[in-house]
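Given these sequences and hints, build the entire structure.
Listed in order, the protein sequences are those of chains R and B.
If you count the first sequence from 1, position 129 lands on 129 in the numbering used here, and the numbers rise without skipping.
If you count the second sequence from 1, position 281 lands on 281 in the numbering used here, and the numbers rise without skipping.
Keep in mind that the hints were calculated from the coordinates and are not lab data.
There could be a bad hint or two in this list.
Taking lysine-lysine pairs in the DSBU-like style, the calculated list, with each CA pair at most 35 Å apart, reads [to be verified]:
1) R:65 with B:379
2) B:295 with R:3
3) R:70 with B:161
4) R:65 with B:351
5) R:57 with B:500
6) R:65 with B:450
7) R:113 with B:288
8) R:70 with B:218
9) B:288 with R:70
10) B:499 with R:3
11) R:119 with B:379
12) B:379 with R:57
13) R:113 with B:161
14) R:119 with B:383
15) B:161 with R:65
16) R:3 with B:501
17) B:499 with R:65
18) B:499 with R:70
19) B:383 with R:70
20) B:295 with R:70
21) R:57 with B:351
22) B:450 with R:57
23) R:57 with B:501
24) B:218 with R:113
Which stretches of chain B does chain R cover? Using the computed rule of at least three CB atoms under 8 Å from a CB of chain R, they are [as the list claims (entries may be wrong)]:
25) 121 to 132
26) 447 to 458
Note that beta-carbon positions come from the ideal geometry of N, C-alpha and C, so glycine has one too.
Chain by chain, the residues run as shown.
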Amino acid sequence: MKKGVNVDLWAGLFTLAVTGLFWMQILERDEFSFHSLIYPDRILPILGILGAVLVVKGFVSPTRKVEFCKELNTELVFTAVVSAIWVLAMDYLGFLLTSTVAMFLMLYRFQPKELRNAKSLMQFCLIIFGELAFMWLVFVNFLAVSLPEGQFFRMIGLA
Amino acid sequence: MELILGSFGNVLTFQNLTFMFIAMTLGMVAGALPGFSATMAVALLVPFTFTMSPTSGLVTIGALYAAAIYGGSFSAILLNTPGTPSSIGTCFDGYPMAKNGRGEEALYTASFASGIGGIIGTIILIAFALPLATWSLQFGPPEFFWTAIFGLTIISSLSTKSVLKGFTAGFIGVVIGMIGLSPIGGDVRFDFGISNLQGGVEMVSVLIGFFCIPEMLKLASNPRQEHMKVGTISGSRESIVKAFWNVFAHWGNIIRSSVLGALVGILPGAGGNIANLVAYNEAKRAAKDPETFGKGNPQGVVATETANNAVVESAMVPLLALGIPGSPPAAIIYGALLLQGINPGPELFTKNAEITYAFMTSFFVVNIFMVIIGIMAGKYIFKFVTSIPTRVLIPSILLLTIVGSFAIRNNIMDTILMLGSGLLGYILNELDFDSGALVLGLILGPIAEKGFVQGIILGNQISTETPWIIFFTRPICLVLIAMSLLSACWPLFQAYRRKKKAAAAGGAA
Chain R
1 MKKGVNVDLW AGLFTLAVTG LFWMQILERD EFSFHSLIYP DRILPILGIL GAVLVVKGFV
61 SPTRKVEFCK ELNTELVFTA VVSAIWVLAM DYLGFLLTST VAMFLMLYRF QPKELRNAKS
121 LMQFCLIIFG ELAFMWLVFV NFLAVSLPEG QFFRMIGLA
Chain B
1 MELILGSFGN VLTFQNLTFM FIAMTLGMVA GALPGFSATM AVALLVPFTF TMSPTSGLVT
61 IGALYAAAIY GGSFSAILLN TPGTPSSIGT CFDGYPMAKN GRGEEALYTA SFASGIGGII
121 GTIILIAFAL PLATWSLQFG PPEFFWTAIF GLTIISSLST KSVLKGFTAG FIGVVIGMIG
181 LSPIGGDVRF DFGISNLQGG VEMVSVLIGF FCIPEMLKLA SNPRQEHMKV GTISGSRESI
241 VKAFWNVFAH WGNIIRSSVL GALVGILPGA GGNIANLVAY NEAKRAAKDP ETFGKGNPQG
301 VVATETANNA VVESAMVPLL ALGIPGSPPA AIIYGALLLQ GINPGPELFT KNAEITYAFM
361 TSFFVVNIFM VIIGIMAGKY IFKFVTSIPT RVLIPSILLL TIVGSFAIRN NIMDTILMLG
421 SGLLGYILNE LDFDSGALVL GLILGPIAEK GFVQGIILGN QISTETPWII FFTRPICLVL
481 IAMSLLSACW PLFQAYRRKK KAAAAGGAA
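In structure tokens form, the structure reads like this:
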């Protein structure tokens, strides 16, 4: 029988890691004034204690999750990776290009294989064009938000 | 009374009603767009009101503000993404209702609840503006610190899986909230060497990430699945009737949530972000079936929506009575008043009483209109969202979250943070941490820090050896401490009572 993941232990270790990461940021105490440290000095030990309690609970009476990350499959990883590249590349390649590519990739991947044809490709283009045009109109034209044009295009003089 | 009745005449002109209708429609759209806050919507409208008469300008701004807060419930219910921070609590039961085929009912419930919450808020505004404003002035830093602590104790009943993990998530939220400039010392802390983090994390971005991205990832794991059940429970008419009774058969919940919303809304800096969660917590605590909260109990939607709409009107109390804007939208309205040549403060009730009362009574009209427009729009919005196949919905929502998080400060870092918190939120959910608790910590952490440090500075003037004593000697602080203890211990007491009952039932059998 599958034992499952000890989520208490992992949650405790994660909490301790967060505490450590933040604590390291204020090790150089001379750089900060008394008023900037008085609150973190109280909060971080409490978080550390909570993390330690979770670790102890993980050993004493652990909560085990058999279906840990049950949704984790190639489709989910694909979506997460494409979203990450979409966001990270947006500043360099611009909002329009990255959004078009990322949305097209997702729509294509999520479409059942037997339905991928010229008609569906046209539909994808219409969806992407419609949504991007709407977003551009609302946010750029009406709300004066300057969506990234892309450093790359600015560099080569196209933006 | 004559003044109030007369002010209805000033509000109910064809021109004002047209402006209010347009503003409400725009406000609902703005509120429903994640990342586009009520403050931004109000700020964008103000320039258009310069040319209007003071009464028309103010009622238009008021209509937009109220509708934007209400509009946040659309995306909270249909996409599990709070359109504004005031709708965080609406996600808890609204989205499960939608997933269970009761989305339309949830939207109508939010409409009725928002309307009645707003009307009660308006009554409180008109009747108690001056005394409540004076009361709110008694809140100093120690009181704000304890208010934040009281807010954090809500975690104990929010966390259904584990109270320990709930508090841990809350403290992780508090720690994330410390990133950037410290509110009192002014030093840059916890920026990890990233210059974009020096200004702190943008709360709305993190909020979109934590609530929306994990849900989108789960949908992406099976893009051919149905994103929510449609009309399996009832049709539109039946849903409206059910929604009506969800709200009006529970007056206790309505009154409690509205009064809580109004009281929290009066406190400068608190507002709808806290009020909706406090009201949700109290509704759950008072319910006979608290275990159904978080699984699609309409009373959760009623509590949060009545509270956040009562906040809209009560946030005007310190502004109108004392000239102190208690919330960012109130600050913009402050500016709009000045531009109209009106000085906010006590003279509003004497020199400009006609305009002031017209502004206040306009909220009655706005809230009634909001229910009507909300019900009409809700039906079509629901049908539209549910007609989109999941495989198209995923990239579309991702596009919306990316643009929404970027638009807040025109900063790509906010978008990266949004996605980062989304991926982190997915892992934390799997580790049984509660996203609601984390977000609560993120909202209340900075309020608690400011109150704590300022309180210590104040305490130093009383006693340099024991400056912390100030937190335990003021009357309002003592009341808040008692409330915090009660709030934190209540779930434990309930669990003990349930255990005792079960043991007694077992013994009798």
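Run the distance test for residue 57 (chain R) versus residue 500 (chain B): straight-line Cα separation, threshold 35 Å. holds (25 Å)
Residue 295 (chain B) and residue 3 (chain R): Cα distance at most 35 Å? Distance of about 27 Å is within 35 Å: holds.
Could you grab the alpha-carbon distance between residue 3 (chain R) and residue 501 (chain B) and see if it respects the 35 Å cut-off? Given pair residue 3 (chain R), residue 501 (chain B) holds - Cα atoms ~33 Å apart, limit 35 Å.
Does residue 161 (chain B) sit within 35 Å of residue 70 (chain R), going by the straight-line distance between their CA atoms? holds (18 Å)
Quick check: do three or more residues in the region 447 to 458 of chain B have a beta carbon closer than 8 Å to a beta carbon of chain R? holds (count 6)
Given the hint that residue 295 (chain B) pairs with residue 70 (chain R), test it: the Cα-Cα distance must not exceed 35 Å. holds (20 Å)
Is it true that the CA of residue 113 (chain R) sits at most 35 Å from the CA of residue 161 (chain B)? violated (40 Å)
Sort out whether residue 57 (chain R) lies within 35 Å of residue 450 (chain B), counting only the CA atoms. Judged against 35 Å, a Cα distance of about 33 Å means the pair holds.
Restraint status (C-alpha distance of residue 113 (chain R) to residue 288 (chain B) at most 35 Å): violated (50 Å)
Hint consistency between residue 218 (chain B) and residue 113 (chain R) [alpha-carbon to alpha-carbon, up to 35 Å]: holds (21 Å)
Keeping to a limit of 35 Å between CA atoms, is the pair of residue 119 (chain R) and residue 379 (chain B) held or broken? OK: residue 119 (chain R) and residue 379 (chain B) at ~31 Å, within 35 Å.
Holds or violated: residue 288 (chain B) with residue 70 (chain R), Cα cutoff 35 Å? holds (33 Å)
This entry does not satisfy hints 1, 4, 6, 7, 12, 13, 21 and 25, going by the numbered hints stated previously.
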